[in-house]
Amino acid sequence: EADIYQTPRYLVIGTGKKITLECSQTMGHDKMYWYQQDPGMELHLIHYSYGVNSTEKGDLSSESTVSRIRTEHFPLTLESARPSHTSQYLCASSEETGQRLNTEAFFGQGTRLTVV
Amino acid sequence: AQRVTQPEKLLSVFKGAPVELKCNYSYSGSPELFWYVQYSRQRLQLLLRHISRESIKGFTADLNKGETSFHLKKPFAQEEDSAMYYCALRPHGNTGKLIFGQGTTLQVKP
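So the protein sequences, as listed, match chains A and B. According to our numbering, the first sequence is numbered sequentially starting from 5. According to our numbering, the second sequence is numbered sequentially starting from 11.
Keep in mind that the hints were calculated from the coordinates and are not lab data. Check before you lean on any hint, since a few could be wrong.
[Said to hold, decoys possible] Quick list of in silico lysine to aspartate or glutamate cross-link-like pairs, EDC-like style, CA-CA up to 20 Å:
hint, chain 1, residue 1, chain 2, residue 2
1, B, Lys107, A, Asp63
2, B, Lys107, A, Glu83
3, B, Lys107, A, Glu60
4, B, Lys107, A, Asp34
5, B, Lys19, A, Asp42
6, A, Lys35, B, Glu42
[Said to hold, decoys possible] Covered by chain A, per the in silico footprint, the following chain B stretches (three or more residues, Cβ under 8 Å):
hint, region
7, 82–91
8, 111–118
Using N, Cα and C, we set each Cβ at its ideal position, and we do this for glycine too.
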């Protein structure tokens, strides 16, 4: 079944650790995104990719990095986690068909990260 | 600056009452506007988009360019409408990226 998957759902980790949040989609979409959401706040775009080997920074500055080596995989990495990185991270994908009606973004379940 | 504002964090109504979730945007061009919904323990999903002028689950939203608003309305709320609702803007020509409001929690009481 076509879907977008994020793992882990929840992660509690100590300061200074390196972490990778996984995101995979089986929808065949070229475009993928990472959003960050603090409790009670709006989602902010931190990274996006329009295809393999294409990654760009989003509107909100983030110390995380991403890679896009395969179409279906868009992992996010924090080299040294800090308490300020505590947040929810949402991965999404979309397909641009040239018709504006089809620009729906599909979201994963999210990863709730807590850095202690 | 591009911005989406949802002035209400929480909207609480009784079942059968009309609902209006407010959304105002700031954008100089022609945006695309969306409403996304997140039900309890489910992922964020698209509810409706202004360009298709559709009614989904009884909800409608009209883009008012003069007032820069895209309010979500339903004439008779149901308990299953209780969820978090996000208004989002997609700048014209900017494929895929979305600018979200802070979200409004809709609570429909029996």
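Verification of the supplied hints:
1. B:Lys107 with A:Asp63: It holds: about 10 Å lies between the C-alpha atoms, which stays within 20 Å.
2. B:Lys107 with A:Glu83: Violated - the C-alpha atoms of A:Glu83 and B:Lys107 are around 25 Å apart, more than 20 Å.
3. B:Lys107 with A:Glu60: holds (11 Å)
4. B:Lys107 with A:Asp34: holds (13 Å)
5. B:Lys19 with A:Asp42: holds (14 Å)
6. A:Lys35 with B:Glu42: holds (18 Å)
7. 82–91: Three-residue rule not met by the region 82–91 of chain B, so violated; n is 0.
8. 111–118: holds (count 3)
Hints 2, 7 from the list above are not met by this structure, while the remaining hints are.
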